[in-house]
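Undergrad: Chain by chain, the residues:
Protein chains: 2
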Amino acid sequence: MKGILYGVGLGPGDPELMTLKAYRLIAGAEVIAYPTLEGSDSFARSIASDIINPETEEIVVEIPMSVERGPAQTAYDLGALKISEKLNEGKDVIVLCEGDPFFYGSFMYLFSRLNKEFECEVIPGVTSVTACAASIATPLTARNEVLTIIPGPINEVLLEQRVAGSEAIAIMKVGRHLPKIRRVLEKLDLTKFAYYIERATLPNQIVLPLSDAPLKAPYFSMILVTKGNDPWL
Amino acid sequence: MKGILYGVGLGPGDPELMTLKAYRLIAGAEVIAYPTLEGSDSFARSIASDIINPETEEIVVEIPMSVERGPAQTAYDLGALKISEKLNEGKDVIVLCEGDPFFYGSFMYLFSRLNKEFECEVIPGVTSVTACAASIATPLTARNEVLTIIPGPINEVLLEQRVAGSEAIAIMKVGRHLPKIRRVLEKLDLTKFAYYIERATLPNQIVLPLSDAPLKAPYFSMILVTKGNDPWL
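Sequence order for the protein chains is A and B.
In terms of the numbering used here, the first sequence opens at residue 10 and continues consecutively.
In terms of the numbering used here, the second sequence opens at residue 10 and continues consecutively.
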């Protein structure tokens, strides 16, 4: 019997926002695995750290810093190989994923290498999008409103097209794209509806109207725009 | 001291997909509250039923069946009044919400009536969108892909506009809008990328390629379209 590959969502950061199923699988794991960016700790592992058993075996998939795609590809190949060895021994492997495994996550690079040969199960998690809505204490979407989720790195013309016409917008992975995002929201007269959120649900969370946001943003930051025009409210 | 109003997300249906925080708040609740549609049981309450203490007081906010908005408004007014009585007695009130409270939820109608007078906290939950992606075992979004979340009831022209140009699309609350949605996806040559999911994560879940989906869909069904064109996969 081969083991099962589990992609487990850990939610946005507060360990209490992991699901009961994530808790059960991680606390009982024989083997866990997680990617790290070369030289950095794993954010996903930090969320789960209090419940990882000291006897659980850990596979670290170290992704090199590079703008090229080749080195990362090779790292995922190697990680998938190490994981497949455990699965072939009949051990389940629990891959730790921040947020949700299939929502802008790196889990898919392991999944795509392993899902033909092994049984895989994905445990969805709370995403940073609804966590940020809770942090700004503002309903994200109601009734027939369209929600558009946009990665910050897309080009300015496309960003403007996708923002226009949506009642609610979440712009993820803000980082160095903040000036571009500000320009687009200002042009569309949406700055007054926009919030800036850094590290949602963590103790050092920052929540500000976009007009008061810092000039520099980390990668794990988000801008939420909710026009809040539901006539029921 | 007044009590705190908690809007607690319970996730898509599988009770194990509630968060540790939702579990703690519900299991220890003095008062819970939830809306029901006249004559129906509460789906949110059914998710939490195993952990509700028999001594917990329950406030049912019964929403009348009506196409008019007035009767529902009146029902939320009355529900907010009952909840405010408990809060004024210093008791916390835990509102049970399927999915996430601020993601197309009715919680906002209670929140908007109570958040000026009382402290409110929202506990985000796993949404049906990422639960459906897990159910079809397909990554939803990668890297710089745009995800558009669209309620099925919007008109056909708008639906087509919002679907076109997105790499991933979730169409919620399909119900009687299924024929319209099929027409739009067929016109945009997206049927081959589309899945139909009913009651994701529940024991009676149904997952089918859209081309094999039934002719009639319940309200709690979803269509996911993921072009899966990430060159890394």
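Don't read these hints as lab results, they were simulated from the structure.
Warning: the hint list may mix true and false statements.
Since the list gives no way to pick out one identical chain from another, each pair is judged satisfied if it fits inside one copy or across any two copies.
As the list claims (entries may be wrong) - Only pairs whose alpha carbons sit at most 27 Å apart, straight line, appear in this in silico BS3-like list of lysine-lysine:
no., residue 1, residue 2
1, Lys-196, Lys-91
2, Lys-196, Lys-125
3, Lys-100, Lys-196
4, Lys-201, Lys-95
5, Lys-125, Lys-236
6, Lys-201, Lys-125
7, Lys-11, Lys-196
Bear in mind the structure is a predicted one, so any value in this text is a computation, not a measurement.
Undergrad: Going back to the hint list, which numbers does this structure go against?
TA: 1, 2, 3, 4, 7
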